[in-house]
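S.K.: Can you make the complete structure from the sequences, with help from the hints?
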Amino acid sequence: MNNAVTLRGIVKQFDSVTANAGVDLAIDVGEIVALVGENGAGKSTLMNILYGLIEPDAGDILVRGTRVRFTSPLDAIRAGLGMVHQHFMLFPSLSVAENIVFAAEPKKRGLLDRVAAEHAVRQLAGRYGLNVDPAARVADLPVGIRQRVEILKLLYRSADVLIFDEPTAVLTPKERLGFFDVLARLRDQDKAIIFITHKLDEVMAISDRAVVMRDGVVTAQLETATTSPRAIASAMVGHDIDLTSRVPTGHPGQTVLVVEGLSALGHGAHSVRDVSFSMRAGEIVGIAGVAGNGQNTLIEALIGLRPIDTGRIEVSGQDVTGAGVAGRRRAGMAYIPEDRQSVGLADAASVQDNLVMGHHGQRSQGGFLRLRALAAFCRRLVERFAVKITDSRQPASALSGGNQQRLVVARELAKNAPVLIAEQPTRGVDISAVEFIHTELICHRDAGNAVLLVSADLAEILSLADRILVMYEGRIVADIARARANEAEIGLLMAGQRPT
Amino acid sequence: MSPPVSIWRWLAPMFAVTVTLIVASLLIIALGKNPLVAFAALVDGALAGPGLGNLQATINRSAMIVGAALAAGLALRSGFLNIGIEGQMVVGGVTAAITAQWLAGVPVLGLPAVLLCAALAGGLWALCAGLMQLRLGIPLLISSLILNYPAIYLASWLVGHPFRDVTSGMAASPRVPAELRLSPVAGTEIYLSAPIVLVLAVVMALFFRRMTLGYAARMAGMSPRFARASGISVDRLGAYVVFASGAIAGLLGALAVLGEHHRYIDGMLVRPLYAWTGLMAVLLGGTGIPGLVAAGGFFAALSTGAMGMERAADVPREISRVLLACIILLVAARGSARLGGDKG
Chain F
1 MNNAVTLRGI
11 VKQFDSVTAN
21 AGVDLAIDVG
31 EIVALVGENG
41 AGKSTLMNIL
51 YGLIEPDAGD
61 ILVRGTRVRF
71 TSPLDAIRAG
81 LGMVHQHFML
91 FPSLSVAENI
101 VFAAEPKKRG
111 LLDRVAAEHA
121 VRQLAGRYGL
131 NVDPAARVAD
141 LPVGIRQRVE
151 ILKLLYRSAD
161 VLIFDEPTAV
171 LTPKERLGFF
181 DVLARLRDQD
191 KAIIFITHKL
201 DEVMAISDRA
211 VVMRDGVVTA
221 QLETATTSPR
231 AIASAMVGHD
241 IDLTSRVPTG
251 HPGQTVLVVE
261 GLSALGHGAH
271 SVRDVSFSMR
281 AGEIVGIAGV
291 AGNGQNTLIE
301 ALIGLRPIDT
311 GRIEVSGQDV
321 TGAGVAGRRR
331 AGMAYIPEDR
341 QSVGLADAAS
351 VQDNLVMGHH
361 GQRSQGGFLR
371 LRALAAFCRR
381 LVERFAVKIT
391 DSRQPASALS
401 GGNQQRLVVA
411 RELAKNAPVL
421 IAEQPTRGVD
431 ISAVEFIHTE
441 LICHRDAGNA
451 VLLVSADLAE
461 ILSLADRILV
471 MYEGRIVADI
481 ARARANEAEI
491 GLLMAGQRPT
Chain L
501 MSPPVSIWRW
511 LAPMFAVTVT
521 LIVASLLIIA
531 LGKNPLVAFA
541 ALVDGALAGP
551 GLGNLQATIN
561 RSAMIVGAAL
571 AAGLALRSGF
581 LNIGIEGQMV
591 VGGVTAAITA
601 QWLAGVPVLG
611 LPAVLLCAAL
621 AGGLWALCAG
631 LMQLRLGIPL
641 LISSLILNYP
651 AIYLASWLVG
661 HPFRDVTSGM
671 AASPRVPAEL
681 RLSPVAGTEI
691 YLSAPIVLVL
701 AVVMALFFRR
711 MTLGYAARMA
721 GMSPRFARAS
731 GISVDRLGAY
741 VVFASGAIAG
751 LLGALAVLGE
761 HHRYIDGMLV
771 RPLYAWTGLM
781 AVLLGGTGIP
791 GLVAAGGFFA
801 ALSTGAMGME
811 RAADVPREIS
821 RVLLACIILL
831 VAARGSARLG
841 GDKG
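The listed protein sequences derive, respectively, from chains F and L.
Quick note on the numbering used here: the first sequence kicks off at 1 and runs consecutively.
Quick note on the numbering used here: the second sequence kicks off at 501 and runs consecutively.
Hints listed in this document are in silico derivations from the structure and should not be mistaken for laboratory results.
You may find that some hints are simply not true.
What the hints assert, rightly or not - Partner residues are not named here, just some residues of chain L that face chain F (Cβ under 7 Å, in silico):
1) Tyr715
2) Met719
3) Phe726
4) Gly731
What the hints assert, rightly or not - Chain L is nowhere near these chain F residues, computed Cβ spacing over 10 Å in every case:
5) His85
6) Lys108
7) Ile145
8) Pro173
9) Val258
10) Ser278
11) Ala349
Where a beta carbon is used, it is the ideal one built from N, C-alpha and C, also for glycine.
M.R.: This is the structure in structure tokens:
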């Protein structure tokens, strides 16, 4: 055994919540460990403790057998640990080399020695097979390459324990494979790697060992070679679940949404160009695509948050092209936004204030809110959607991610809109919330409504959608009925290739 | 995680006040005076005095400060930072003084008409700033601030030249005709602005808590992107609240003209720093109505008390400015500390 890091009896309490209740975990040199568990299981807390961002209440951290105490990430970095966060911490306007050597720059006469920096980066990149152009500006690079820059940053500081927080969430399928290659190469160079993930196929594809956390403790450690996704999933939720089911297809009826020749300007390359499609009542239409190919622009243009250049939008036979958000919602649209924190909710507002938004008009009289009706409505939704709250007056920010999302989903579903736009409805929520939200979306469809589902998770689209649209560079490049859909083909279309 | 928030909201200003008192004590000791005597004089100067005269002065001052705080708070709670309250007050005040000349002798409707004109003028002045943000993209913080200066100088010119009362030695409008004046609350020296501002505070609390539009405004203030995605027209809402905010300021200016000085005197609304103290009250007390009223009253007491302290204990009244600055710094520091250490 050759332990890189050992955690012993880690305990961390936040007010009344025990995030870590005595966690034991050892990671060996030359090993890839996948850390899985539902939201709130304590994974992030554990990794933040390991990286020195949080101090544990009790327990020991050992690095290569020596006990250490981290009061800040600087201590952790010095001890040879490095972390790649979900949101990259790079300076977009600086070059790759400048980003990598930041805070440990090679200097010449007190100034950054750019030549030496680029040379060092090139050498490092060559050693680990991480191809980057040291002189390129980070802002100009695709996400997959930016991630490499993050990794090189750690390697430059000679980290040999690498922590990744949901590293593949932002990658294309192809970039994902490239990332796995990098991980394997790092492992072969005797690095110890821990990555947090929600995707079981990734655990199976790349890890040596899956560490499952639930309720603040490690509940299972499974050798990847001898386990199955189902076993991991069961360990995560504590009971058996079914991963493979595809919901039965819906029975499409009348056309409820028509989009014709829609073009809208987004940020940079995210514009939408000449998009046409329609949706019928009783079907779920999935939009697949790598993040940043115009999905978000399309959705904002549909709901009325973004002006459109050309095109026409019709909801239930009513032309809403000229209407604002309010008009489109009145015509029968509801919207679960991708950005839950700042668009889906008002973080600081109470649970009730968040739930009644858009329902408050019907529960008003003569300009005054009918408070009792609102409270009753709120109670009903909290119960029906099993939102875990202690008080309807507590701020939404006090809820876990999964519960916040239930709040948003509850509010929008309760509008009974013929056209529901669900943008990344299950991103970053735990498995039981995912199951619940999926079931609710299907119920909504079966009640005779249309659901437009945008997701970066192809598996989600494949299991829910009756029809799949693939977006690439602002256009819809394919419209595939579910019966004919297969993952490999859609993956190619998402990457801009025509399957042959 | 969740419950300590409301306690903290009250505890933090208390903490700021305590620290400030300590700092002030040290300063007073450095001046060679007894801080206890000085504070006793401060309290006496703010809340007692012969015939409770000082208390009445404090209440009158509170009315203006709280009124300004309400005007700013209305906009701020809806997510719009209107810091041009001062200019809007001045516009309202000078409008009242001028229209009162024209409407002299109009029975019954004269007074409401003057008040309405003043509110309208203040509201439109604020709306100019509001439209600069909504149409031209100039942040309201800046547009509302810069409109203060033309308002103040325009008023100064109006009462200095075309509408000057030539019988008086100062730059002031002629006296408001007697039938358009507001008399103080019966049997006291408390101007009518105090009860009116109190009513306004209640109405505003009601607006945010009970009214449909108030709910929308509150949500827009907490998260404009959320409000927009939910179908609330945040821009139109902003135009309404900024107008209303300016109208309250304008009304306040008119109340000071009709009830207190009975004319517009150049600088009468600017020199006492009503608007800026009101903005500080919003900063200290938050946009919740009770906190805002309490903070406004506290600041008013501090500045009337300071005069008493100067008279009785021979401690310069500028000490009260130091106190104020100290509190604001502490409160602002708390705000940024919380912004920085949010994730737990």
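S.K.: Decide, hint by hint, whether the structure agrees.
M.R.: Status of each hint after checking the structure:
no. : hint   : result
1   : Tyr715 : holds, 6 Å
2   : Met719 : holds, 6 Å
3   : Phe726 : holds, 5 Å
4   : Gly731 : holds, 4 Å
5   : His85  : holds, 12 Å
6   : Lys108 : holds, 35 Å
7   : Ile145 : holds, 28 Å
8   : Pro173 : holds, 30 Å
9   : Val258 : holds, 21 Å
10  : Ser278 : holds, 23 Å
11  : Ala349 : violated, 5 Å
Of the numbered hints listed earlier, the single one contradicted by the structure is hint 11.
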